[in-house]
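These protein sequences, in sequence, are chains A and B.
Residue numbering for the first sequence follows my numbering, beginning at 1 and increasing consecutively.
Residue numbering for the second sequence follows my numbering, beginning at 1 and increasing consecutively.
Simulated from the structure, these hints should not be mistaken for laboratory data.
Using N, Cα and C, we set each Cβ at its ideal position, and we do this for glycine too.
Some chain B residues near chain A, calculated using beta-carbon distances under 10 Å:
id : residue
1  : 173
2  : 175
3  : 176
4  : 177
5  : 178
6  : 181
7  : 184
8  : 185
9  : 186
10 : 188
11 : 189
12 : 193
13 : 194
14 : 197
15 : 198
16 : 201
A few chain A positions that, by computed beta-carbon distances, are all more than 12 Å from chain B:
id : residue
17 : 1
18 : 28
19 : 36
20 : 135
21 : 173
22 : 176
23 : 194
24 : 228
25 : 231
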Amino acid sequence: MLEIDGLSRHYGDVRAVDNVTLSIEKGAFVGVIGRSGAGKSTLLRMINRLTEPTAGAVRWDGTAVSALGGSGLHQWRRRCAMIFQQFNLIGRLDVLDNVLIGRLGHTSAWRAFPRLWSRADREMAFSALEMLDLAPFASNRADDLSGGQQQRVAICRALVQEPEIILADEPVASLDPRNAKVVMDALARINRHFGITVLVNLHSLDLARAYCGRVVGMAQGRLVFDGAPDALTEAAARELYGMEAHEVLDADLGPTIGGSLASAMPAAA
Amino acid sequence: MSGMLPAPQGRLPEYGWRSHGPGFLGIGIAVGLFVFGVVRLDLAPARFLSGLARLGDIMALMMPPSPETWSRFLVYLDALGQTLAIAVLGTTTAAVLALPLGFLAAHNIIANNAVHFLSRRLLDTVRSVDTLIWALIWINVVGLGPFAGALAIASADLCALAKLFSEAIETADRRPVEGVLASGGSRAASVRFGIVPQILPVFVSQVLYYIESNTRSATIIGIVGAGGIGLHLSEMIRVLEWQQASFIILMVLAAVAMIDAISRRVRRAMMSGR
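Same shape as in the complex, but just chain B (with noise of 0.2 Å):
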């Protein structure tokens, strides 16, 4: 290389601080920050290796996953079925009342920004609230049960549901509703043909999804005494019945995969069909 391009004329960009300080300082923060962690939290990297032999332990314990009986096996399954019954009426709900929300919080629909920014800080605001932490109140609220564990999900989901929509809203083609409105359409009608068609598939497809998602949600509320097949393995757990509890979590796995398959058909067929 050397012999073949002449030496530079102009002034070369030096290394420094200004090229190098950034990222080794962002990486120093980094590692900063983990020490921190593992020392405000006394951890000690010793009672994780022995308890590691403990894990193992567990996991010999969960061996084979059983139910024990075959009415302790009933009991599960009618738990379980409560769970899918809080996921799938939480997030119904939360999608039929997000729907509204959605328009309200799109820009090409309400076309006024105060509304717009009020409406889309507000949905982020109540969006941050967790499931767990919705199922905590509603317990207060209407008692222990899977009506809390459904209204949490409502809850939870509602706002994020809410604005997923109002993008799909905003993004759509603007050409539908015009074509629409020149018929001599109402802006209802310009919506209803305009926009709905085409918001209609991200709609299904978000609210199988949630559904999937909250099965798993039901299950971790169902600990705190929210309904459903949550208590059991919590239970289970707490009196070290580790067969038991491998069992259920292999109920729920099943449960996820089954719906997952079903959410997955219906999606194929809306994307070819209409």
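Bound-form chain A, shown alone (with noise of 0.2 Å):
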């Protein structure tokens, strides 16, 4: 279970993420929506400390990952996957060797460094690109690959962590309808196939209705909202938006009420 106890981010006088308190199940699939910058990203990096909180704790089943440091820092990482808006990926290396980066964790530098990655790995790694209908692109440089399977890339990365939990920060932002359908699918069925916890950020609040079990809203860096998605209201989402809330609520809670995302996503459907 993850526990995020009172967690803090100022940035000067600006609050990014204020006091948050919250707890996370195992296996479930949750959504942190809220406007830009709301303190989503910022909440999120701090789990995986790529961002250190200003106060409060997080644990993943007891232990305090806020307190770590070194390798014990690197196993957590190793542990907490995360995907990113902008993918991230090397655009240098080809695409099984992006994936195999999620494999650092489990090698030796001196494997690591010159890329003499064990078969086991590579065959690992070959099989989430499988998994993920990326296979006959292996060979291909990254920044070849089109915005929609760089993403999945950054998946298949993630995967091959064995991570227990993946921290996706708008993972669909840069991507239009239709491959971000194919991501939020991706990402829906690791959680389903191997019970991996997923902590997603999403500006749509159509996406987190389509996916999520449960969403946390945020505003202000402070959480506002904790429910299932049916509870998340208009008025509700009003306070959460507020000014951009005409930009989502137009657009979500217009036809499209019931959760369908056919006028969303008409390539998809």
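These two chains come separately, so use the hints to put the complex back together.
Here it is in structure tokens:
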């Protein structure tokens, strides 16, 4: 279980994340929603310590990961994979090597640095690519792939870490609706198939409704909503998105209020 | 025009010292410096004009370029090989040593202002000493010959390359680095996989460019006794063997053109492949 206890991050007078307390059960698929600048990214980045908290603690199965350092921190990041909005692949390396980066936590430096990955690791990486229909691109350079394909490579990289939890920071914000669906489906599949906990930042209410079993809403760094997606009424969404509400609500709460993705994703439907 | 627009009501900006002064002053200073140089060095245009005829004579004497005998040609070929070896050895030594220095001087690797400032100033200072001066120093340390030449090139380019690398490292995209760190990689792994693939093309193309440019430098430092074909060139000019001198110049030209062609191919392969 992931426990976040009084977690804060201040930048000068700005409270990017302000005293957030939250616990997430294993195997859950939880969406974090809110307008841009609400602190969703900072919250996720504090969980794997790419950003250091100003105050508060993060625990995983009772271990205080916010106190880890050195190899303990590397091991935690190995168990807690991350998917980024901009994919964060190594453009000049091929797709298979990019997936194998996920094996760094399992590989000694003297084998990893000259890219002498074991056969078992390479088979594992290739199998992950096959699972997400990327096997034909294994030898392509990562930056030759489309955005949707690159994000699926990033998911493969996360998968071969053999993580217990995956943090996805706006994984579909740079993608068109069709690719967004493919990537979200992949995350949902991993969640169901391997029981990996998924915590995903989403801007779109519609996606949150379609995929998440539980939705957490943030505004101005604070937790303002926590519950089932059905409980997210128009009033609650309006409070969550403030000035941006009309953009989100017109598209999401209008004709598609029943949760259908048909109007948002004509190509996928 | 005068009929179309009404007379202006406000105050027209005046022409004057403030608007035109700095420009005229700058041109005046440049002309003054040039005249001072000519007077100070006692340069007479007449000497240049009469010398022009002499330059024509020398050009005529250079034709046709020829090594005179086959054995001389083989000697020059051997010396040219030495010059190329000096250039390649000196540049690769500089490049290998410059890489760690470049990381040390890169602000995103060593986030310490004092280290950053000191390493940058040090690189700038050492960088300003020319290859020829390094050659004269190393000749006194290790004696005449190609060893001094290779050392001179290595010392002169070490800091220039280190500065180039550190700038390439600083402009590298941060996102792959975060990708590696978030996968459980160490800081060393984030540099190896996040930064090195990004700077590798810069590294290779700069090293190739420096090898090409250093083939010319190695010729020059040969003249002061640091090995290679330069010594033969200065000797032939000294004894007025103009045909042989021009032949040596053509040999250096051909060697540089060859290196240029090879490095262009390697660069292109680097850009498309990985």
